[in-house]
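From first to last, the protein sequence lines are chains A and B.
For the first sequence, this note's numbering assigns the number 49 to the initial residue and increments by one for each residue that follows.
For the second sequence, this note's numbering assigns the number 2 to the initial residue and increments by one for each residue that follows.
Think of the hints as simulated: they come from the structure by calculation, not from any bench.
Built from N, CA and C at the ideal position, the CB exists for glycine as well.
Check each hint, because a few of them may be wrong.
[To be verified] Distance condition first, Cα-Cα at most 30 Å in a straight line; then the derived BS3-like pairs of lysine-lysine:
#1 A/Lys147 to B/Lys87
#2 B/Lys77 to A/Lys147
#3 B/Lys117 to B/Lys135
#4 B/Lys110 to A/Lys147
[As the list claims (entries may be wrong)] Simulated DEER-style distance windows between Cβ atoms:
#5 B/Gly103 to A/Lys104: 41 to 49 Å
#6 A/Lys128 to B/Asp45: 28 to 36 Å
#7 A/Lys104 to B/Pro121: 51 to 59 Å
#8 A/Val126 to B/Lys110: 51 to 59 Å
#9 B/Leu123 to A/Lys78: 52 to 60 Å
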Amino acid sequence: MYWLSSDNSDTTGGDCEKEERGMYEKHVSKGHLPYCYLKVRLDFEDDADIDIIIFKHIVIQAVQSLFGEAVSCTPIDVLKYRQTNREAILRVSSSYFTKLWASLTWYSSYNEQSCAFRVLQVSSHLMALAANSRQLSLA
Amino acid sequence: MVRHKNRYILCEIIYTDNKRIERHMTDYMVYGAVISALQTAHGDFGIGSLQSSLCVKYVNPITSMVLIRARRGAHKMVQSALYFIKKIGQYEAFFRTLHLGGTIRSCCKFLIKHHKQKLPKLLSECKDEEERRKVQEIISSYSDEYKKEQLIASF
Chain A
49 MYWLSSDNSD TTGGDCEKEE RGMYEKHVSK GHLPYCYLKV RLDFEDDADI
99 DIIIFKHIVI QAVQSLFGEA VSCTPIDVLK YRQTNREAIL RVSSSYFTKL
149 WASLTWYSSY NEQSCAFRVL QVSSHLMALA ANSRQLSLA
Chain B
2 MVRHKNRYIL CEIIYTDNKR IERHMTDYMV YGAVISALQT AHGDFGIGSL
52 QSSLCVKYVN PITSMVLIRA RRGAHKMVQS ALYFIKKIGQ YEAFFRTLHL
102 GGTIRSCCKF LIKHHKQKLP KLLSECKDEE ERRKVQEIIS SYSDEYKKEQ
152 LIASF
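Take these sequences, add in the hints, and give me the full structure.
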């Protein structure tokens with residue numbers, strides 16, 4: 049989120065300042081957006097039947113094993129889940145975003161079946177996950 | 002070279018049964034309780050970042066005082082994990098943090114001051130005349146010392 053400001057009241061220096069006004073623009077950053085969105089896929093070596101509840105449980109378990117209860121208490125939402133290829137869109141508050149990503153990377157097995165999370169896309173805008181530039185085909 | 006900084010957490014063990022008896026408390030038991038609380042509260046990351054520096058430096062089973070060392074910065078994780086301890090070894094007990102110091106010396110200074118403040122309370126709990134006389138003697142000896150120090154400082 050960026051805000052454009054035409055007011056340069058904090059700079060000092062008489063007439064010179066008036067001439068300079070308009071030559072540059074002051075951008076004020078309002079900080080990061082409240083949420084981050086991840087598009088992830090859970091890959092198993094053999095095929096496994098994982099429904100949305102188990103998927104959420106796996107995500108929580110991954111965070112809990114690496115960062116403990118202190119981080120796993122943060123709200124992590126599964127916005128969309130497709131069971132056929134175990135692909136999901138996760139939403140977290142952006143301050144816990146890196147921690148979630150790290151714990152997904154570290155997760156390696158569920159019920160003694162080896163598995164891995166593939167992070168496909170990451171964005172702070174949900175709309176950005178609608179299209180993937182890496183999967184575009186130029187016909 | 003850079004100085005390796007530590008933080009020392011001075012804690013008091015409070016037993017839930019509230020009995021004044023001497024108990025068998027070792028540094029290993031305290032360490033085990035802290036490390037398992039750290040595992041549940043901060044996971045593998047907490048263990049990994051504190052394993053090299055976490056150490057129980059001093060345990061006094063008579064006064065039930067404990068001194069825990071942790072790396073500076075990561076000591077906050079230890080502090081937050083300490084709240085969740087409900088059992089130390091086989092005893093139902095919890096920690097009460099008294100002081101957070103940068104050196105063992107500063108913690109020791111605090112501990113002496115803390116014990117001196119506790120003495121008048123002990124006096125009221127004395128059962129017979131012999132005990133009462135002993136405690137009074139100790140209190141008067143350190144108050145004399147304190148007066149002398151003040152006198153020297155004023156010159």
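Checklist line | 41 to 49 Å as the expected CB spacing between A/Lys104 and B/Gly103, which holds or is violated | finding: Check passed, 43 Å falls within 41 to 49 Å.
Check: Holds or violated: 51 to 59 Å for the Cβ distance of A/Val126 and B/Lys110?
Finding: Distance hint for A/Val126, B/Lys110 holds at roughly 53 Å.
Margin query: With the threshold set at 30 Å, check whether the alpha-carbon distance from B/Lys117 to B/Lys135 stays at or below it.
Written below: Since the Cα atoms of B/Lys117 and B/Lys135 sit roughly 14 Å apart, the hinted pair holds (cutoff 30 Å).
Check: Measuring from beta carbon to beta carbon, are A/Lys104 and B/Pro121 in 51 to 59 Å?
Finding: Once the Cβ atoms are compared, 57 Å apart, the range 51 to 59 Å for B/Pro121 and A/Lys104 holds.
Check: Straight-line Cα separation of A/Lys147 and B/Lys87 no greater than 30 Å?
Finding: Satisfied, since the Cα-Cα distance of roughly 28 Å is no more than 30 Å.
Note to self: Between the alpha carbons of B/Lys77 and A/Lys147, is the straight-line distance 30 Å or under?
What the structure shows: holds, 18 Å
Item checked: Pairwise beta carbon distance, A/Lys128 to B/Asp45, judged against the given window 28 to 36 Å -> At roughly 29 Å between Cβ atoms, B/Asp45 and A/Lys128 fall inside 28 to 36 Å, so the hint holds.
Check: Taken at face value, is the distance from the CA of A/Lys147 to the CA of B/Lys110 at most 30 Å?
Finding: Judged against 30 Å, a Cα distance of about 40 Å means the pair is violated.
Note to self: A range of 52 to 60 Å was offered for this pair. Does it hold for the Cβ distance of B/Leu123 and A/Lys78?
What the structure shows: holds, 59 Å
In terms of the numbered hints stated before, the structure departs from hint 4 and from no other.
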